[in-house]
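Here the protein sequences come in this chain order: A and B.
Read in order, the letters of the first sequence correspond to residues 1 to 449 in the numbering used here.
Read in order, the letters of the second sequence correspond to residues 450 to 898 in the numbering used here.
Treat the hints as calculated values from the structure; they're not laboratory data.
Keep in mind that a hint or two might mislead.
[As the list claims (entries may be wrong)] Some chain A residues near chain B, calculated using beta-carbon distances under 7 Å: (1) 280; (2) 305; (3) 309; (4) 310; (5) 319; (6) 320; (7) 346; (8) 351; (9) 357; (10) 372; (11) 373; (12) 430; (13) 433; (14) 436; (15) 437; (16) 441.
Computed from a predicted model, the values in this text were never measured in an experiment.
Every residue, glycine too, gets a C-beta built ideally from N, C-alpha and C.
Number of protein chains: 2
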Amino acid sequence: MTTAQCFAGRFIHTPAPDQLQVLEQALVSVDSAGVIVSILTPQQDGYSQSVAAAREAGTLTRAEGECFFIPGLVDLHIHAPQFPQLGKALHLPLEDWLQRCTFPLEARYSDVEFAVSVYSSLIDTLLANGTTSAVYFSTIHREATAVLAELCLQKHQRAWVGRVAMDDQGQCPDYYRDASTEQGLLDSEQSITDIRNLPGNTAARVQAILTPRFIPSCTDAMLQGLGELARRYDCPVQTHCSESDWEHQYVLDRFGVSDTEALDQFGLLTRQTVLAHSNFIGSSDMSVIKQRGSGIAHCPMSNAYFAGAVFPLRKALTMGLNVGLGTDISGGPSASQFDSCRCAIAAGRMLESGVDASVSADQRGIADSRIDYIEAFYLATAGGGDVLNSPIGKFETGYHFDAVMIDPAADNSNLQFFEQLDSTEDLFQKTLYAATRSNIVGVWVDGAK
Amino acid sequence: MTTAQCFAGRFIHTPAPDQLQVLEQALVSVDSAGVIVSILTPQQDGYSQSVAAAREAGTLTRAEGECFFIPGLVDLHIHAPQFPQLGKALHLPLEDWLQRCTFPLEARYSDVEFAVSVYSSLIDTLLANGTTSAVYFSTIHREATAVLAELCLQKHQRAWVGRVAMDDQGQCPDYYRDASTEQGLLDSEQSITDIRNLPGNTAARVQAILTPRFIPSCTDAMLQGLGELARRYDCPVQTHCSESDWEHQYVLDRFGVSDTEALDQFGLLTRQTVLAHSNFIGSSDMSVIKQRGSGIAHCPMSNAYFAGAVFPLRKALTMGLNVGLGTDISGGPSASQFDSCRCAIAAGRMLESGVDASVSADQRGIADSRIDYIEAFYLATAGGGDVLNSPIGKFETGYHFDAVMIDPAADNSNLQFFEQLDSTEDLFQKTLYAATRSNIVGVWVDGAK
Chain A
1 MTTAQCFAGR FIHTPAPDQL QVLEQALVSV DSAGVIVSIL TPQQDGYSQS
51 VAAAREAGTL TRAEGECFFI PGLVDLHIHA PQFPQLGKAL HLPLEDWLQR
101 CTFPLEARYS DVEFAVSVYS SLIDTLLANG TTSAVYFSTI HREATAVLAE
151 LCLQKHQRAW VGRVAMDDQG QCPDYYRDAS TEQGLLDSEQ SITDIRNLPG
201 NTAARVQAIL TPRFIPSCTD AMLQGLGELA RRYDCPVQTH CSESDWEHQY
251 VLDRFGVSDT EALDQFGLLT RQTVLAHSNF IGSSDMSVIK QRGSGIAHCP
301 MSNAYFAGAV FPLRKALTMG LNVGLGTDIS GGPSASQFDS CRCAIAAGRM
351 LESGVDASVS ADQRGIADSR IDYIEAFYLA TAGGGDVLNS PIGKFETGYH
401 FDAVMIDPAA DNSNLQFFEQ LDSTEDLFQK TLYAATRSNI VGVWVDGAK
Chain B
450 MTTAQCFAGR FIHTPAPDQL QVLEQALVSV DSAGVIVSIL TPQQDGYSQS
500 VAAAREAGTL TRAEGECFFI PGLVDLHIHA PQFPQLGKAL HLPLEDWLQR
550 CTFPLEARYS DVEFAVSVYS SLIDTLLANG TTSAVYFSTI HREATAVLAE
600 LCLQKHQRAW VGRVAMDDQG QCPDYYRDAS TEQGLLDSEQ SITDIRNLPG
650 NTAARVQAIL TPRFIPSCTD AMLQGLGELA RRYDCPVQTH CSESDWEHQY
700 VLDRFGVSDT EALDQFGLLT RQTVLAHSNF IGSSDMSVIK QRGSGIAHCP
750 MSNAYFAGAV FPLRKALTMG LNVGLGTDIS GGPSASQFDS CRCAIAAGRM
800 LESGVDASVS ADQRGIADSR IDYIEAFYLA TAGGGDVLNS PIGKFETGYH
850 FDAVMIDPAA DNSNLQFFEQ LDSTEDLFQK TLYAATRSNI VGVWVDGAK
């Protein structure tokens with residue numbers, strides 16, 4: 001394909017977990033499908049001519065002044081219906097949070113108008129925060145799920161949208177549960193075709209994803225059926241895995257095997273599976289996950305509230321697992337993947353040092369658990385791409401041009417750049433720690449703003 | 450004194466750690482010194498007349514629309530000279546952070562012009578984030594310390610400003626240390642008079658505070674001398690206390706008693722003492738601190754990076770200690786006390802649950818360690834006032850009118866209020882979790898904007 005658009009200026013990204021790359025005065029050319037076709041730096045042949053040609057054609061977007069481009073953020077775990085609850089009810093015990101707040105709220109999405117209004121606001125908020133790719137749990141409602149997918153398409157956000165399957169009568173409330181296993185499976189199947197057939201969804205920018213809420217809320221027949229749908233439709237899967245002591249133990253009690261192993265037995269662990277949390281997985285679980293090529297959505301913000309432990313991130317990375325980050329709206333309090341990065345770093349430090357001052361230092365934590373800002377940013381961008389098996393999260397030929405323009409000098413910004421004291425790497429670290437949506441002055445998905 | 454100004458609208462504050470109070474359509478009258486003289490609600494006699502009179506006199510400020518007032522935030526622990534380093538170098542080991550970054554940066558403040566430029570930017574940033582009261586470490590430099598105090602006075606921020614004393618030749622670098630114990634004590638003493646005699650500082654809005662960096666960087670003679678100055682000048686004191694395993698153990702090795710006890714022996718624990726961190730204090734330390742009426746600046750953000758444990762906040766609160774919050778710029782990555790609140794809540798949850806998933810749940814954490822959003826906000830406002838022994842942080846007669854106006858619907862805000870679903874308490878919790886400086890549309894100290 002031919003070049004449709006060009007972007008020029010400073011680009012900063014993490015092509016590998018331990019590598020921060022700064023491309024100064026680069027020219028990134030994007031084809032009409034939104035895919036990067038070339039990246040030129042001033043030293044390379046044809047650079048000046050290409051810049052001049054793009055300027056002449058009126059297809060050049062420049063990062064002016066102090067502005068620079070970063071890859072769009074990938075949020076692997078969002079409960080879309082819980083958006084109205086973001087930043088509230090976090091002081092409640094989990095049982096109250098779920099039964100008194102969350103389930104009644106999710107049940108409201110039988111009302112399609114309500115869904116349109118909340119989901120519009122959610123997608124706008126996420127895009128304004130630089131989240132160009134979003135992986136959504138919706139609710140049990142097929143119609144509201146289609147609404148979410150359609151709004152993502154309209155608003156030009158890359159998205160994975162999943163109707164939530166939950167049919168277990170013992171675990172799910174009467175007012176919010178699939179009418180039957182059969183009906184739930186039918187709704188999940190039809191939701192796949194609803195989304196795949198959305199008018200305008202030709203490039204599959206919005207994908208269906210099978211979504212058993214988690215093992216405790218599903219019957220064996222439901223899990224079996226969803227595994228078959230995953231295979232038959234070559235459809236991605238998402239679910240919660242070993243989030244808390246309770247969930248981890250529940251699955252052990254029911255199946256005699258771990259959450260990971262049970263999901264695998266139902267055919268739900270594939271190269272296209274996103275496992276939220278996974279805080280309590282052990283080494284053998286990690287081996288299974290690695291073998292299947294599945295990925296993990298690490299959600300450090302909500303883990304502080306509802307998990308009871310910190311995800312052993314370093315161990316997972318060392319084992320070579322695909323890992324990205326999720327906000328877990330509304331189990332965590334923020335819609336920003338920058339906040340996920342900050343919290344992932346802090347949680348890693350706290351896991352490394354331990355937290356209880358009354359325990360001696362050498363017994364308190366787990367050595368080498370920390371990650372740095374470069375790894376955190378990798379997780380929030382290219383790491384999410386690894387999990388989703390999608391060419392997103394880096395500035396590389398063949399990758400989608402999903403990008404965010406950062407203005408460090410924006411109004412209402414806490415980002416302070418000291419020219420005499422700060423390197424470009426410092427500026428980037430400061431951005432990771434201080435950027436808010438005020439600093440996000442442009443967002444592109446597949447090259448379109 | 451007579452009323453000089455009035456403020457009308459919704460006021461939300463925490464008069465006690467477990468109490469969130471919403472005053473709807475209240476009228477707060479402030480005298481010419483900036484002190485609250487009355488608070489009227491519509492049910493009370495004279496309300497309508499007072500509103501009308503203020504409107505007529507042109508002295509009425511209203512929180513319009515969705516806007517509301519909260520007390521100004523109190524930041525108990527800020528290293529002013531480290532502001533250029535905020536949000537960078539946090540991936541480095543502590544020793545590198547200190548020797549390669551922090552000390553060389555602090556040494557630069559022998560240059561007064563540099564101090565003026567950085568400190569102006571810092572105070573502007575803090576005020577824009579709603580921090581109306583700030584407790585500052587400056588550097589060893591008397592002149593730059595006076596500059597900081599003068600700028601606080603000019604920019605109308607309530608402040609405690611301390612020249613840092615550090616004279617131990619074994620612990621402090623040659624290029625950044627008091628020339629001698631005598632010179633250091635003289636500089637600290639003169640810094641008190643510098644600040645107290647600042648033109649325009651008649652209401653003591655900016656106060657001097659004696660600031661031994663921490664015990665390891667001071668000789669016995671310095672600590673002794675500072676204790677005497679504290680008594681002679683009735684001057685507040687701040688220092689670090691038992692921040693890390695290393696510091697805690699260092700003092701035990703040097704004096705055979707804990708950091709707290711050693712500070713007490715030097716006369717440095719008074720009703721006007723702010724102890725930063727104090728992560729490793731035990732029950733007997735807490736008793737001493739309580740007896741002296743000293744207070745603690747809990748800095749959860751920097752603790753995640755440099756402390757090695759979580760401050761036992763719940764225990765300190767149960768014992769009735771005065772506790773507030775600090776950003777610890779630049780040991781923590783943010784200038785916002787809202788971020789301190791968020792991190793204090795998350796750290797409390799992580800201390801309660803523990804962090805290591807391989808340990809059984811009942812052994813992993815310390816029961817009842819959590820705090821909720823109301824307690825966190827109390828710490829960031831009235832709790833700071835308790836520590837400083839100052840009438841700030843609440844809307845009460847006799848308190849300074851230090852306030853922040855929040856606009857939940859500001860541009861670039863992540864705060865989403867759903868009228869059908871959210872109570873005022875929910876709105877407040879959402880504000881605590883989502884507010885950035887974009888939402889801060891007005892800041893008053895002593896009634897002046």
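Quick rundown of the hints versus the structure:
1. 280: Because about 5 Å separates residue 280 (chain A) from the closest Cβ in chain B, which is inside the 7 Å limit, the hint holds.
2. 305: Holds. Min distance 6 Å.
3. 309: holds, 4 Å
4. 310: At 4 Å from the nearest chain B Cβ, residue 310 (chain A) passes the 7 Å test, so the hint holds.
5. 319: violated, 15 Å
6. 320: Status violated, d = 20 Å.
7. 346: Holds. Min distance 4 Å.
8. 351: holds, 5 Å
9. 357: holds, 4 Å
10. 372: holds, 4 Å
11. 373: holds, 6 Å
12. 430: The hint holds - residue 430 (chain A) has a Cβ within 7 Å of chain B, the shortest such distance being about 4 Å.
13. 433: holds, 4 Å
14. 436: holds, 5 Å
15. 437: holds, 5 Å
16. 441: Hint on residue 441 (chain A): violated, closest Cβ of chain B at ~10 Å, above 7 Å.
Hint violations for this structure: numbers 5, 6 and 16, all remaining hints satisfied.
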